[in-house]
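Q: What follows is each chain in one-letter form.
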Amino acid sequence: MKISITMVVNGIIHKKEVLPTLTLLEFLREELYLTGTKEGCGKGECGTCTVIMDGKTVNSCLVLAVQANESVITTIEGLGDTHHLHPIQEAFVREGGVQCGFCTPGMIVSVAHLLEKSPQPTDEEIREAISGNICRCTGYSKIVKAVRKAAKLKQSNPPVTPGRKLSK
Amino acid sequence: MSLSSFSYWQALSVPDALKILHNEQQQVKLLAGGTDFTVQRKEGLWQDKHILDIWKTKELDYIRESGKSIQLGARTTMDELIDSAVIRKYAKPLHLAACVFASPQIRNRATLGGNINNASPAGDTLPALFVLNAKLKLSSAKKDRLVPIHEFFLGPRKTLLQPNEMLTEIIIDKLDPKYQSDFYKLGERNAVAIAIVNLAVCRKIDPRSHKVTDIRISYGSVAPTVIRAPQTEQLLLHQTLTESLINKAAERAQSEVSPISDVRASADYRKEMSASLLKFLLKNNRS
Ligand SMILES: Cc1cc2nc3c(=O)[nH]c(=O)nc-3n(C[C@H](O)[C@H](O)[C@H](O)COP(=O)(O)OP(=O)(O)OC[C@H]3O[C@@H](n4cnc5c(N)ncnc54)[C@H](O)[C@@H]3O)c2cc1C
Ligand code: FES
Ligand code: FES
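Heads up: the sequence lines are chains A and B, in that order. Mapping of the first sequence onto numbering that gives the first Met the number 0: position 161 corresponds to residue 160, and the numbering continues sequentially without gaps. Mapping of the second sequence onto numbering that gives the first Met the number 0: position 234 corresponds to residue 233, and the numbering continues sequentially without gaps.
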C-alpha cells in the first residue's frame, strides 16, 4: 500500500507516493535523485546520511519517508553547489577537511546546523556537534580547523541562497 | 504478510492510537523515533507487522512539573530532556544520561518511551529512571495502569507491556536539588556507544553530621535487566562516606551484579568496573 507524502526539500515542494518501509535516505537518493546524501552503515552509526529535518539533524537512514511527511528538509545540495560553494564547503576545501569525501556531506550538514545555533562555536562545541559523524581519513583535526574557518567566513560573508533556508 | 498488504498508521491522538492497538493487537508494532525499530527491521525483525507511528502524537510530547513529581510524555526526546530546565534542576540523573546518549542526530529522534520499551539492559535512561523511582503509565483502550519501573522489565527485551497497551507517561519523583547526582557510562568510545556498564547514583548528605540520609544506586548492562543495588545502599545509609566504607560498598556492589560476557566486554571486566565506577563516583564528593 503506497502512501502519499509531501515534503519541502531544499526549498522545493515534492509530492510522491511511497511504500511505508522506504527510508528518508532512499527517498532522497532514489526518488529525488539527490545523491549527495550518502549511505555508510545504514544503522545510525556513521552520520554520512545526516540531513536537517524541521530544524534538527537526523540520520536519514533511520527515518521512514512517511515519517518525514509534511517536513522541511535540507540536504547537502541545499547548502551550495559546484559553482557557488557554501562558506562551510569553502572552508573544508581550504583547510584540507576533505580527503576521500565520503563523510563530507553529513559532516557539513552537521556543521551547518551547529553554526545556525552557535555562530562562533568553541572547539568543544564543534567536537560535540560532529560526534555523530565518523571520518576515517582526516583524523578530525583538520575538520575542526575548517569549522573554525567556516565560522569566520560565514561571519564576513553570509551565504545568499534564496529559497534555501536551513530550518523551518 | 506481503509488503503490498503492509499498513502504516499515523496516530495523531492517544485515543486514536489506543483504538488501533485494540483492534489490531498482535499485528501492530509501535514506532516512535525509529532509532531501534528501523535498525531492527533492517536486521529482519518486525517484517510481518503493521506500523503504528506515534512520532506526531504531540499529546505525548511534554514535560510537566506538579507538586513532588514530574510527568513526562512517552514521546519526549533525549534532546528535549537535555534542554529542559525542570529536568536539569529536579531530575539531574536523567539529564546526565541524556547528555551521554548516542549522538546529536540520534538524540533528536530517540524517545524516552522507545528507550524504555526497547528494554535493553544497557538502555542509558534506565538507571536514571530507577533512581528517580519512575512509574510507568501503561494505557489501553479500556484502562490505564501504573507500574513501578523495577517491576516492568522481565528480562532482556521482555516487559509487562501487553499487545493492546502502550506507554503513555513516565512519572518520576522530583529530586531535591540538594542531592548530589552522578551518571557514568563506560563505553568503547564516548559517542555512539552501547554501555559496557552504566551507573546512576544520587545521594543526600546531612551538611552537619556528614552522614548519608538517602542514597540510590542503579546499574545497567550488568544483569538481565537494569537493577538497583539495595544491599549496597543499605550499607551506606546513615553512615559517613569514609574510604574504607566506600571500598566495602564497592565489594558489596560486586556481589549484587550478575553480568554476562558478550562482544563488548567479559563478565569479569564488568564486575570489576561495577566496583571501580562506584568507588570513583562516591569519592567524588561535591558537597
Ligand atoms: C547508532 C545508535 C546509537 C544508539 N545509542 C544509544 C545510547 O547511547 N544509549 C541508549 O540507551 N540507546 C542507544 N540507542 C538505542 C535507541 O536510540 C534508544 O533505545 C531510543 O531511545 C529508542 O527510542 P525511539 O523513539 O527511537 O524508539 P523506536 O525505535 O521507535 O522504538 C523502540 C521500541 O519501543 C517501542 N515503543 C516506542 N514507543 C513506545 C510507547 N510509547 N509505548 C510502547 N512501546 C513503544 C517500539 O515498538 C520499539 O519496540 C542507539 C541506537 C542507535 C541506532
Ligand atoms: S548511513 Fe545513516 S548513519 Fe550511517
Ligand atoms: S574524508 Fe574520508 S571519511 Fe572523512
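Bear in mind the hints are in silico, worked out from the structure with no lab data behind them. Computed from a predicted model, the values in this text were never measured in an experiment. Every residue gets a Cβ at the ideal spot worked out from N, C-alpha and C, and that includes glycine. Any given hint could turn out to be false.
Chain A stretches covered by chain B per the calculated footprint, using a threshold of three residues with CB under 8 Å from any CB of chain B [as the list claims (entries may be wrong)]: (1) 73-87; (2) 114-123; (3) 144-152.
So the derived list for chain A, only partly shown, Cβ under 10 Å to chain B, looks like this [said to hold, decoys possible]: (4) Met0; (5) Pro19; (6) Thr20; (7) Thr22; (8) Glu30; (9) Leu31; (10) Leu33; (11) Thr56; (12) Asn58; (13) Asn68; (14) Val97; (15) Asn132.
Q: How does the coverage statement for the segment 73-87 of chain A fare against chain B, requiring three or more residues with Cβ below 8 Å from a Cβ of that chain?
A: violated (count 0)
Q: Would the hint on A:Thr22 stand, with a C-beta cut-off of 10 Å toward chain B?
A: This hint holds: A:Thr22 lies near chain B, its Cβ roughly 7 Å from the closest one there, short of 10 Å.
Q: Closer than 10 Å between Cβ atoms is the bar; does A:Met0 clear it against chain B? Give me holds or violated.
A: holds, 6 Å
Q: Given A:Pro19 was flagged as interface, is its beta-carbon under 10 Å from a beta-carbon of chain B?
A: holds, 3 Å
Q: Any CB of chain B closer than 10 Å to the CB of A:Leu31?
A: violated, 20 Å
Q: Mind checking, does the segment 144-152 of chain A have 3 or more residues with a CB under 8 Å from chain B?
A: violated (count 0)
Q: Verify the interface restraint on A:Asn132: the C-beta must sit less than 10 Å from at least one C-beta of chain B.
A: Where the cut-off is 10 Å and the nearest Cβ of chain B is about 8 Å from A:Asn132, the hint holds.
Q: Could you check if A:Thr20 really has its C-beta closer than 10 Å to a C-beta on chain B?
A: Cβ of A:Thr20 sits 7 Å from chain B, so the hint holds.
Q: Are A:Asn68 and chain B close enough, Cβ to Cβ, to be under 10 Å, as the hint says?
A: Holds. Min distance 8 Å.
Q: Verify this for me: three or more residues of the segment 114-123 of chain A with a beta carbon less than 8 Å from a beta carbon of chain B.
A: With 0 residues close enough to chain B, the hint is violated.
Q: With chain B as the partner, please determine if A:Glu30 meets the hint condition of a C-beta pair closer than 10 Å.
A: Violated - the Cβ of A:Glu30 stays beyond 10 Å from chain B, reaching only about 17 Å at its closest.
Q: Holds or violated: A:Val97 as interface residue toward chain B, Cβ cutoff 10 Å?
A: violated, 20 Å
Hints 1, 2, 3, 8, 9, 10 and 14 from the list above are not met by this structure, while the remaining hints are.
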